[in-house]
Amino acid sequence: MQYQDELRVKHLIDYYQQRIFALAIYLIGGNHDKAYDIATSSFAKMIQAFSIFEGEKLFLTKLASAVVEKSRNIKAIPQADSFDFEDRSPERRKYLQIINTGLQALPFDEKVLLLLRDQLHLSYSDIANILRMPERNVRIQTVQVRREFRKKIEEILSGA
Amino acid sequence: MAHNDMVMSCDEINKLLKRFQEDLLSEDEYQAFLAHIDNCSNCKEYVRSIGSLSIRLWELGDIKVPQDFSSTIFYKLSHPVEEARPNKSVVSKKWIIGIIILIILSALLFLVHRYIKTGQGPQDMGNAPTVVAEIIRKSEPPNDRRAKFLLDKLKAIAGGLGAPENGMVVKESRIEKVVVKEKTKVAENYQIKDVPLISEPKSLHWHFRCLEVVNNAALEGEIGSIELNIRKNLADKQQLETEIADLKKKEGAGLGEYYSKDALAVRSDEQQELSVELQKKLKEASGMTEKIKDLEDRKRRLESELRGSIKESKLTEAKRKTELLNTLSAAGVKADYQADNLLTFYSNGKKIEDLLGQILSLSTQAQPLNDFTSNVVTVADNEYNVSVYLEQDPIKTLHWHIDPIIDDKKSSLIELIKKHSSSIDYESERLVVFSIQDTELKKLRVKIQATRVPFLEYGYIEGRKQGSLSSGPIRVSVYLLK
Chain A
270 MQYQDELRVK HLIDYYQQRI FALAIYLIGG NHDKAYDIAT SSFAKMIQAF SIFEGEKLFL
330 TKLASAVVEK SRNIKAIPQA DSFDFEDRSP ERRKYLQIIN TGLQALPFDE KVLLLLRDQL
390 HLSYSDIANI LRMPERNVRI QTVQVRREFR KKIEEILSGA
Chain B
31 MAHNDMVMSC DEINKLLKRF QEDLLSEDEY QAFLAHIDNC SNCKEYVRSI GSLSIRLWEL
91 GDIKVPQDFS STIFYKLSHP VEEARPNKSV VSKKWIIGII ILIILSALLF LVHRYIKTGQ
151 GPQDMGNAPT VVAEIIRKSE PPNDRRAKFL LDKLKAIAGG LGAPENGMVV KESRIEKVVV
211 KEKTKVAENY QIKDVPLISE PKSLHWHFRC LEVVNNAALE GEIGSIELNI RKNLADKQQL
271 ETEIADLKKK EGAGLGEYYS KDALAVRSDE QQELSVELQK KLKEASGMTE KIKDLEDRKR
331 RLESELRGSI KESKLTEAKR KTELLNTLSA AGVKADYQAD NLLTFYSNGK KIEDLLGQIL
391 SLSTQAQPLN DFTSNVVTVA DNEYNVSVYL EQDPIKTLHW HIDPIIDDKK SSLIELIKKH
451 SSSIDYESER LVVFSIQDTE LKKLRVKIQA TRVPFLEYGY IEGRKQGSLS SGPIRVSVYL
511 LK
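For the record, the sequence lines run as chains A and B.
Each residue of the first sequence is one higher than the last, beginning at 270 in my numbering.
Each residue of the second sequence is one higher than the last, beginning at 31 in my numbering.
Chain B on its own, in the form it takes in the complex:
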């Protein structure tokens, strides 16, 4: 896998062998050297025959892998096990000092806050205008701590200020601000009615599978195994041809050097055996050629079938995407944001449940819809923000799932994304869509992965050449899992 397009010939391998042994090649030459011997068995054998320590170390790696290796990996993929993080008992001094300072500062801030709070009290009402704050709540679960906390705060203020006359409706997101703002207004009274809050819609995230993969995977698998078979047969044929060449050489050695009658008789027998052996090998080689030809024909037929299947898949893909959009439209759902493979919309719980049922019936495939937020219990009257990622192939956008694990990490992740992206196209509580250049994308990916949060990438960019002038920014959508 060379960094550039350098391709080496067998002659060049021969010339550069000594420098390879001594590890004096440039990285590009090194990778090109390895790429060649990976594909050229003759050169690989030749290089391996040189007795240097580095090459012996390389040869040391030729060990047998247990046959169930691959299946064990697939098993572990479907049964992930939480890894115990290694105990880091060595903590640097800097970290300890930092934590201590943080604790002291937090304690000081808390004390100052308490002092300011207790220092203030309700002002004298006099003839001040009055205000009623109505908190509208929609069937929040009884243990919604946030709603209860805010309600208690307002009640505490109301308790100190007396009974109001006029009313005011506030949304949940504004309650904190209202509470703080109204606290500073002198001589205003509040009445709290125990009514539902308007809550911020919860987020749902779906992947809708547009593409048809089953048939292609089977075909590709078969083509792959035929290719392996062809390669093996070619290697066997090469071996056979070498043996034939040796036999021909021996056969052509002639009888001239033998003078005695007995020696001549023996030599004649040997020649006959050689002839028979040679004929046998030639027949075998011819059979192998036929077999390889048949395999190549079959491979060509399957590739043609695959091309047809891919073409059909594309049509099915497009059809399935249209069906989804029509289903949403028929349900009266309008996309709030739509670009490439992502669309978002708002709807209530009941409509979403109905939609799910309709979407699942769009395809005969198992699981056309993957709900990454199946733990969210939809309530009929609650509003939800739904983002749908359409799995198609190939696409011009990437889609990431990142699990910030804790909410504090979420804001630093968003900051990181904003730092590297060219523009933010869409942002909501759990979803960010941005455009980014190739080079920045790689840096961003590495930085996110360095934070060790669970990270999955969907989709790929087809046919982009590094450094190409015609390549514009890539669009990436990021869903932050909860």
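Bound conformation, chain A alone:
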């Protein structure tokens, strides 16, 4: 590694690791080992390809893009591990598991939209760059996907 400041790299990893790991896990349906592999490979690739002295915003966007592409290219969906959320209250845990079930029921691209916006909090223009579509389309589709997602949650809650 040519970078003079490993500390800065470590800071980037510490700052983004949870978000990127979570993105990978939810995109591929819950297998922790595969998500770990995708997340770490994406980090290594982006740190190699990018100067860490560039804007961190761009780094996060490109990193998220790498995770999305790697997750999309998986040939076989691996077995999901359980989501414990063990440090939450039982009621919260139950609700989060329902949210996760609803999320996994969505098609891949819709999951990407929701996670990039509501979990990673990327801007619409960054999401448009990652998904290679116009920003306007991203905004419209996000509204539609949220509606779809809400319907799925309501179905699960009503026991359908």
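Hints are computed from structural coordinates only; laboratory data are not their basis.
Positions of the beta carbon are idealized from the N, C-alpha and C atoms, including for glycine.
There may be inaccurate statements among the hints.
Here's a subset of chain A near chain B, in silico, CB distances under 8 angstroms, partners left out [what the hints assert, rightly or not]:
| # | residue |
| --- | --- |
| 1 | Asp283 |
| 2 | Gln286 |
| 3 | Arg288 |
| 4 | Ala318 |
| 5 | Gln388 |
| 6 | Tyr393 |
| 7 | Phe418 |
| 8 | Ile422 |
We have chain A; now place chain B onto it with these hints.
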């Protein structure tokens, strides 16, 4: 990380919460909102307590990361693995048609070329003046295909035209032109002597590390961990203060509502327990305050030490740069181009080997010199173009390494650079130095990265504000790896 400098207060968070839930904030407000709750644990907790689907999705991201995550990344950085490119079995029709047309055109051109070539033959000599072309070669490796190809071409012409009398010296770069030019001259003869070619110098590229980093990195690391410790202690102290406030409230609830003797006795015991608990917590809070104060003092001392170390590093940096320039000068090497952190010079293989040895001894640090062209075998008499990038901190220029992978991509990359830059300050076979405006730099960077060539950036621009009137063009040096 807001796009602008918008900063939100806790009140504003409260006011904008509903719009945040419904994703109706502008991007600037959205990023400012997120920036605030990132730093304000109270607001974060408050926002998280609102039960909307978007916020639950956000909460879904709070999962535990394995402890070896960071070390795995560092391992992968030092052991890169070639990724298999995904099989793109779906190729668009346009591409297929384009490729077929290209093949047909290439075949046609080849046939036309062959026809023209065989159509021409050596002209009758008569009394035409004669020319000898001497090809001077300097210890080229025996399998230099280019040299052999050109030599064969000239021999083929000579074979058809007979023995010449006068001589002419040509450089390698001119041989193709000479061959074509001389072919059209009527009645001229050539003699080829098997002598060395003057070859274009090969390119070497070095990074010379001027700055001292080891000590600073350790200090910065320690300061970072103290900061984390302070933050943790502050959070614990806040929690403790909340508990103290609760205990005080309970203690102050009074005995008035209890009427029976037994109830009064029980209540009195409870009050005593509360008192003891409260005293304990107050003592703990006081201890924590002391601890935080100590940590802050230590942090201040380390920061002062770091400032001193940085100042010393700057002096060492400047000294090391001067030492390098003096070493080059003492070896009789003159810089061909020098600006900011880049200098280039020409020299022969033997001198370069000697220089390398001298430069490596300039510093006690491991690897003060990083040779990005260590695969180039230097031959004593061969000429080399050496570019040296001086790693200093901070600098006003950027330095990129781009690997065009194939030579065709190299010319399109150069064209892209020329399209976006304000001016080209220096250009050689492997190195381009240009000036470029902020906005164009970002566009150029994105376009280069979109070509998916390996790309590394060194250096950074300190203290440049976007859109500032005083910011001039940035100088960027690009080394094209082979």
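Worksheet item: Going through the earlier hints one by one, which of them does the structure break, listed in rising order?
Response: none
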